[in-house]
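One line per chain: the protein sequences are A and B, in this order. If you use this note's numbering, the first sequence corresponds to residues 686 to 1009, in order. If you use this note's numbering, the second sequence corresponds to residues 338 to 627, in order.
In short, the hints are calculated from the structure, not lab data. Model, not experiment: these values are computed from the prediction. Watch out, some of these pointers could steer you wrong.
Not close to chain B: a few residues of chain A, all C-beta gaps over 12 Å, as computed [what the hints assert, rightly or not]:
(1) V697
(2) G714
(3) K727
(4) K803
(5) K833
(6) A870
(7) I960
(8) E969
(9) Q985
Derived DSBU-like pairs (lysine-lysine); straight-line CA-CA distance at most 35 Å [to be verified]:
(10) K920(A) to K441(B)
(11) K535(B) to K996(A)
(12) K977(A) to K492(B)
(13) K535(B) to K920(A)
Partial pick of chain A residues on the chain B-facing surface, computed with a CB cut under 7 Å [stated by the list, open to error]:
(14) F692
(15) L696
(16) A863
(17) L867
(18) A871
(19) Y906
(20) V908
(21) K933
(22) L940
(23) V944
(24) Y991
(25) A995
(26) G998
(27) E999
(28) Y1000
Glycine residues also receive a C-beta, built at the ideal position from the N, C-alpha and C atoms.
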Amino acid sequence: MPNDLQFEKPLVELKAKIAELRKFTEEKGIDFTEEISKLEEKARNLQKEIYGNLTPWQRVQIARHPERPTTLDYIKHIFTDFLELHGDRLFGDDPAIVGGIGRLENQPVTVIGHQKGKDTKDNIARNFGMPHPEGYRKALRLMKQADKFNRPIICFINTPGAYPGIAAEERGQSEAIARNLLEMAALTVPVICVVTGEGGSGGALALGIGNRLLMMENSFYSVISPEGAAALLWKDASLAQRAAEHMKITAKDLLELGVIDEIIPEPMGGAQKDIEKQCQFMKEALVNNLKKLNEKSGEQLKEERYQKFAKIGEYTTFVHSSNI
Amino acid sequence: MLRDIFSKRRKYATITNPSSSPSTEKKEIPEGLMVKCNQCGAISYTKELEKNLKVCPSCGFHFSMNAFERVLATLDDGHFFEYDSEMISVDPLSFPDYLEKVEKDREKTGLNEAVLTGEGTIMGYPVVLGVMDSRFRMGSMGSVVGEKIYLAIEKAMAKKYPFILFSASGGARMQEGVLSLMQMAKTSAALARLSEQKGLFISIMTNPTTGGVSASFASLGDYNLAEPGALIGFAGRRIIEQTIRQELPKDFQTAEFLLQHGQLDMVVNRKEMKNVLGKILSIHSNRGDE
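Put together the whole structure using the sequences plus the hints.
Right, dumping it as structure tokens:
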């Protein structure tokens, strides 16, 4: 497994050893049963030790894992009758964002999400999940369509950030993101947003104005990447690990800060270990949340979404007497 | 009375924060009697330059203006009733050295945070006005900046006044993490509501308007204006150069570049700004429903 993470190495090696002993038992007829069960016990403990106490930086690595399920994986496993829709009607079709219509347990919904690739070639085609303005404008077009036809919207967020390039600036990356923030705030249908991997700043937020904001256990959501923060703070991007600890970017941190509503559990070791099981967890969370939102009126949904974001922020008041 | 506050603080007018425009050449006015223009090299008296709204008399280069100077230059007689002046930042992430840095900027600028909000009149038209100051933590938006702008927009809705905002910001404030990011959502949501009520919002981008500020309220004006030469963009120049591995043209992400690419309504010389705002306000005051 070339995609194992550094901190998983001891466990991977141990598992390889167990497999080797099994093979020996079968092929040579030598009985290693006792050794195997001892090693398996050890592996279980090691697994708990490694995965039970993941540091923010380790979670960042899991969130960026190349085998982590993507939006199209969730679509395939969770939604039925899905039809992918393309284009922003203004400039082009951005493969870094996918969207379309389908059903969640029979209820028609619009699904939109960032799309990363699974290998280098795929990733180049998807621009590593970093959208251009036309991606955000496609997303907005599909959201307005959903609003018109009274369909709930589900957004999967997983991007390192909006693409920093010449064409993106020329076509108004800022305006495209800003417009989505404004328009999403005014939607009158249920909007559920899930951070599934990387929640990279404004490029993530542009799909993130929901009635419910959920994060997967090993995802992160941040105003700046840990590498970017380290470069700014200590002029050294290799200190990203330290920045990740300071920035409060994990699902648990955001729940404590009152920014998100719920954490979606992952299989032991991360979503990539068992995609089907992960999709079950995801579906359960979506269905439960949608059920509650379905009961609300359009105006209520809009008002609650407004209040949800209006209350985020921490400050104090104080009269600076020497200044006045 | 309020003008007194400003006049007392005018001593700050000649001091700007060198870190306020990291991607451009040094543009601050050094303290002293004379000032050399960074663009054309012409030398002017500091007092003359201030009278000229800090626009170089020979080449038209716009020196950066602090929030107090901007309020004086924009509102009639400089009369300004400030909102939420006592709101200050806390340290929600326990971020190393954050509050010390904020405190230092408060002393340096005479501001409590990176934005002033309040109301006054422009050519007789009442407005709610917000002015950011890039000397304060690079004008970055944390919880206080977001909240003050949000509250100013709510005031504009309640009073049915137009909302005018001069942006000058490097983006979201890193030290407040995701809470800063969420201020983009909060301010934009408030503008959605203002827009639904058919309220007017004029956004003026000044040097610099980048990152999370450019990607939220600053780009959402019914009219998007900018000052000549202002740096405006989403991603930083260095990051783009690193990503695409090529040098960017000199005028990339300037106000003129944005105008050319259809991202702005107008580039307005500072000395014309008040006139242009007055004209827009006047046209809007003739709406049939008022």
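**Item:** Hint numbers contradicted by this structure
**Value:** 6, 13, 14, 15 and 22
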